[in-house]
Each structure stands twice: as C-alpha cells, then as structure tokens.
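Visitor: Residue strings, one per chain:
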Amino acid sequence: MAALLDITGVSIEFKTDKGPFKALDNVNLKIAEGEYVSLIGHSGCGKSTVLNIVAGLLQATTGGVVLEGKEVNEPGPERAVVFQNHSLLPWLTAYQNVELAVKQVFRGQKSRAEMKEWIEYNLHLVHMDHAMHKRPDEISGGMKQRVGIARALAMQPKVLLMDEPFGALDALTRAHLQDSLMEIQRELNNTVIMITHDVDEAVLLSDRIVMMTNGPAATIGEILSIELDRPRDRLALADDPQYNHYRHEVLRFLYEKQRKTDDSSAGRKPPSTNTSAATTASVADEDSAKSVTAESVSAVVTPLHKKHVA
Amino acid sequence: MAISQLQVPSWLEPFARLLRGDRPGEQIVKVLRHVGLPLLGMALFLMLWQSGAAHVNTSLGQLPGPAQVWEQAGNLKDEHFAEREKAVAFYQRQEARNAERMAENPDAKPRPIRGYTGKPTFLDQIGTSLKTVMSGFVLASLIAIPLGIAIGLSGALYSAVNPLVQVFKPVSPLAWLPLVTIVVAAVYTSPEPMFAKSYVVSVLTVMLCSLWPTLINTAVGVTSVSTDLNNVSKVLRLTWLEHIRKIVLPASVPMIFTGLRLSLGTAWMVLIAAEMLAQNPGLGKFVWDEFQNGSSQSLGRIMVAVLTIGLIGYVLDRCMLGLQRWVSWDKNAITR
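Listed in order, the protein sequences are those of chains A and B. Reading the first sequence from the start, the letters are residues 1 to 310 in this note's numbering. Reading the second sequence from the start, the letters are residues 1 to 336 in this note's numbering.
None of these hints come from the bench; they were simulated from the model. Here a beta-carbon is modelled for each residue, glycine too, at the ideal position from N, C-alpha and C. Any given hint could turn out to be false.
[Said to hold, decoys possible] Quick list of simulated restraints, FRET-style, between CB atoms: (1) A:Gly19 <-> B:Trp240: 33 to 43 Å; (2) A:Lys257 <-> B:Ser224: 37 to 47 Å; (3) B:Val183 <-> A:Thr61: 49 to 59 Å; (4) A:Asp170 <-> B:Ser226: 36 to 46 Å; (5) A:Glu33 <-> B:Pro163: 47 to 57 Å; (6) A:Lys134 <-> B:Lys197: 27 to 37 Å; (7) A:Ser140 <-> B:Ser226: 15 to 25 Å; (8) A:Lys134 <-> B:Ser51: 57 to 67 Å; (9) A:Lys70 <-> B:Leu164: 51 to 61 Å; (10) B:Ser224 <-> A:Ala236: 45 to 55 Å.
[Claimed, not checked] No farther apart than 25 Å at their CA atoms in a straight line, the calculated lysine-lysine pairs in the DSS-like style are these: (11) B:Lys119 <-> A:Lys15; (12) B:Lys234 <-> A:Lys116; (13) A:Lys158 <-> A:Lys110; (14) B:Lys77 <-> A:Lys158; (15) A:Lys103 <-> B:Lys109; (16) A:Lys70 <-> B:Lys234; (17) A:Lys103 <-> A:Lys116; (18) A:Lys110 <-> B:Lys234.
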C-alpha cells in the first residue's frame, strides 16, 4: 500500500522563556489514499501540533511531512483544514464563504457557471442548500460547522485535516454531523486526518485510530486498525462486540497506559468546549476536571500553543 | 399590508400600538417614558436657564433667556435672507447696466460682473464650517485608515509608531494652531492659491487632532483579527493584497467606524476653536466676531451659535452612526 502522506521523524521544539520546550518527539505515520485516520490523546499532548505541521501552519524542528512525494513547508488548499470553531468569515454568507475558497483554488480552471455549480454541490453535500445565503450569525453552530466542512471539501483537498471538528457542538448535533460526514466519505472517499477527544467518534468514523502519549515530547503510542464494515450504523454498532472491543482498547490506552497524573496534565481547552454527551466516553471531561489543579503546567503550555498556532 | 406589519421606528412603536389598541395602559407608560421624560428634562432646563439668566448682569446687559435667544435665531435667519436679496439685487443692477450699455453701443464690450462682497451671514458660516470639518475629517481618515492597517499588521511598525501616537494624541488644537499657521504661511505661497490660507490652516489643524481615534481603533481592529481567520487566509494562499482586502479590512470595519465616529466628534470640536483663532470663516469666527462686537444682541447670538454647534455635532454623530449600521456586518457592535 503506497502512502499518500508520509510523516517521518517529526519533532518540534518551541522556544520559551524557560528554554526550549519539546512538544513532539519522533512522530512517524504513513497514511494511504482514502484512509480515515483519527488522532486521539489527552488534551495538550500535541495532536493539534501534528495537524498544524501537516497543514503547514507550523514547521517541524526535525523530520518532515511528504505529500505525494513533495515536502510540505507552507499551508495550501490541497491540505484543507476544518477548524474547531468553524472560522467562517462572519460578513459573508455561507455561499460566499465557500465561493472565496473556490475562486481562490479554481481560478482559471473553472468557468463562472462551473464554480457556481461546484459551490452549490458542496453545500448540498453538507445539507446546507436551504440556508446557503444566510450569514454565520443567522445559522446554528452545527450549520456553521457544516459550511466549514463544505468550504474545505470545495478546495478538493488531497488530505482533509479536521481539528476537533465537532468539539464545540452538543451531542445530538454532533451525531448528525458524524452521520453526514460518513455519508460524504462514502461518496468522495477522501483521505482524512481528524483530531478528536471523543472515543465513540473515533471508533465510528475511522479506519485507524492513532493514540498519542502524553506530552511533553509526545509521540504515537499505539495504532488501532478498526475493521468494521461500512456503512456503519451507530445504533447497530452499540451492541456489536467488535465495536465495543475497539472502544475498550482506546479507553484502556487513555486511562490505564497513559493515565494522566495531576502534574503531567495540561488542560489546554476551556471547559466550555467539552460538551460531550453523558453517554459518550470522553477524554476531555476528565481533563476539564483536572485542569484546575494543573494551572502550573498549563500556564507553560497554553501560551506556547496559542503563539505557535498563530 | 396591515398596520401591524408596518415597520416603524422604535420610538414610534408605542404610538403605533396605541393606535392599534394593543394593551393601551402599557403603551401610555412607554410613551411617557420615551417622549414625556425627555420633554420634561428640556422644560426643566429652560426654566432653570430663564430664572438663572435673570440674575446675571454682564457688561453687555442681562444674560439672555430662552425667549431672547429664540428671537435672535429669528433675526439671524432674517438677516440671511435680507443679505441674499441684496446680493441678487447687486447682480441684477450690474446686468441691467451692462444691457443698457449694449443698447447704446452694440460694439461695446460688456463689463465683467463683479462678485458680491457683503459679509457672510450666520447660515453662510455654518456652511463654511461644515465644508471645513468634512475636508479635515476626510483628509485625516485617508491618512489614518491605511496607516492604522499598516500598524496593526506589523508589530515592528507598531512599536516604532506607538510612542509618537501616544505623545501627539493629547495635544490640544490650540497648541497646533500657531505652528500650523506659521508653517502654512511659509510653505503655501502660490500666487493664486486654490484655497484661502485660513481654510488650509483650519483643515490641517482639524486633521492633526482628529487623526488619532481612527488610527488607534483601526490598528486595534486589525490586530484583533482572529488567528483562525488568518489561518484560513494562509490555507487559501491569499496574496498579501487579497488578505488585506478580503480578511483584514472587512474584519476591522466595525472598529474602524468606531474610530471614525470619535474622530468626527473631535474634528467638530477642534474646528470651532481653530476658526476662532485662525479667523477662518465659520461658526468659530462668528462667535469671535460677536464677542468682539459686544452689542446688546451679542450674547443672544453667541448662545444661538452654541446651540447650533451642539445640534450640528449631534446630527453629524447620528449620520456616522447610521453609516456604521449600514456598512458594518457586526450588528451587535456597540452603537449608541
């Protein structure tokens, strides 16, 4: 199986006032075309950093990322990103937000009419036909994220990068979006890297789950292949022994092997974003409870992340 | 369309409901609140003014009360139209004379029409002031917005410019004026000037003082464009110019307009002071002339000018607010 995307020996160090801080150490991952890979791990373990390096928004200190034989060293639309908080331009309608991306990517390749058709097709994929001329402040959080996904899909990326795409949504909306995403995947078969802190989401959507160790100097701990037939149905899977086995594997990794002690935990995300359902096993829930006692560490990690993601 | 669907301004809403018979008791309370209280405030103010003014005796006689000021406002209006009639008559006389001359001797050249040289009236002065303030404000905005964007984008430029901004921002127009006057006198020496020197001095002073709110607010607006939007711009590989045009500028429009509104307010305040000192035609000069004139009517006329200045300032602010609401995508921005 030839790898489409090759992450080799990636380490990254951030300069801080207290000397260099090694966030990632020797991350290696090969991803095949059409594969759906989830990155899971405790908050602050560097999942987002990996994604940002693949996106080109951050530069690895050592090692590198190769996409189709070409090294990645700057951001670009062939590695479209779906950001956690939708990142739509608030002064443009859903249509115009997608249009901005389409005009930028397909300038000179598609005619005006083709572009219009392509924008509408992508908005149709995420079921946003009815509200495509509404502005972000007129639609719900789930709808905004749908538009965010449509914008990324419209760039026709080689790899679709999703940074906790459903992290800020309520459980019901999240389930709807997961179903939509599976439907879209059936049709387009994109190569996807998705960051999540939701174990069910990871098992339901992924072909492989990449579990990361705790930072500093985080790396890949284990990789779990999910061999469940597609299309997957969340209700049928709830009682599926195989599905539950995968869930337990991930939970075991997170809560036994990589159990966070108070001094190593770093609650990076505000508790408000951890809106996981009661029925959903979620890593973030524990984090938010612990992050209070982890002020000292998070104080070091938080500004770092903010600064460098910027 | 039924009355209930008509869009009415919010302050008219209770009246409309009252007409529709929609919970009349509640509506009457609302009417009293939105219309009654302001009227009550104004009435109290006029009474205080009237009774207070009666006790103040100045070298120009008793301080005028509301009634005398109202009378002077009428006088100023009448003077304006009288002056206009005079001007019209003046031109008519010249034309009549020319026509006569042509009738006597068809080969004679008609004499050029001379301009009317009567003194500017109160209404003329208002026009001049408005023209001057808008010139200064537009000039200030043309400098402040691009500079603010540059400062907001570049941390280095911000560090370099910030101390200068902080030092020049609090300088009073009265301090700038002598400098500007002398510099303009030295530099602006064309034999046939397009603008009067006093006008240039006023405009430059207004510009120097009203530059800062727009500059600072624009810079803050640009700095606070979210990281996510910048990342979107990077992923899309927008060029530098597109990044500014499509992301930075629209994102900071609400802040830019907040700055522009503050700037226009400052510009109007500064203008009056500048006109007084620079002897540039305008409301400031009108106040100064009346002060020097010292007739029994002067105090009333000055008060008319004060109220006019306030009223125009208010209208300018409302216009900017309307423009801001119309242009800005952020309808939640503080717009009071």
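Visitor: Go through the numbered hints given earlier and state which of them the structure violates, listing their numbers in rising order.
Guide: Violated: hints 4, 6, 9, 11, 14 and 15.
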